[in-house]
Amino acid sequence: EGIPTNILADRLKRLELYDIVDKTPYQSNHVRYSYLLTQKGKELGPVLLAMKQWGEKHIPGSKSMMQA
1 EGIPTNILAD RLKRLELYDI VDKTPYQSNH VRYSYLLTQK GKELGPVLLA
51 MKQWGEKHIP GSKSMMQA
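For the sequence shown, the numbering used here begins at 1 and goes up steadily by one.
These aren't lab readings, by the way, just hints derived from the structure by calculation.
There's no promise every hint is true.
[What the hints assert, rightly or not] Using C-beta positions, here's what the derived DEER-type ranges look like:
| no. | residue 1 | residue 2 | range |
| --- | --- | --- | --- |
| 1 | G2 | S34 | 13 to 21 angstroms |
| 2 | Q27 | S62 | 36 to 44 angstroms |
| 3 | P60 | G2 | 21 to 29 angstroms |
| 4 | S28 | M51 | 33 to 41 angstroms |
[As the list claims (entries may be wrong)] In silico SDA-like pairs for lysine to any residue, Cα to Cα no more than 25 angstroms straight-line:
| no. | residue 1 | residue 2 |
| --- | --- | --- |
| 5 | K13 | P60 |
| 6 | K13 | H30 |
| 7 | K13 | K57 |
| 8 | K63 | V47 |
| 9 | K13 | Q27 |
| 10 | K13 | M51 |
| 11 | K23 | L8 |
| 12 | K40 | I20 |
| 13 | K23 | K42 |
For glycine and all other residues, C-beta sits at the position ideal for the given N, C-alpha and C.
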């Protein structure tokens with residue numbers, strides 16, 4: 001939501017290409033897909049959390065900087 005469908009579709013295709021997500025059909029009439037993280041994708045969790053924490057600490061205007 002809040003992202004054009006063509007951009008979302010492109011990003012999902014790239015995530016699938018690099019085995020970050022698996023695409024599985026969940027509806028056959030007007031095929032629709034669900035996307036789930038692969039093990040490789042799940043392993044990105046700690047990396048993204050560390051980046052978030054770094055940003056909150058060092059980027060002006062981020063959540064923790066505003067609380068300080």
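TODO: Hint by hint, work out which the structure violates, then give me just those numbers in ascending order.
DONE: Numbers 5, 7, in rising order.
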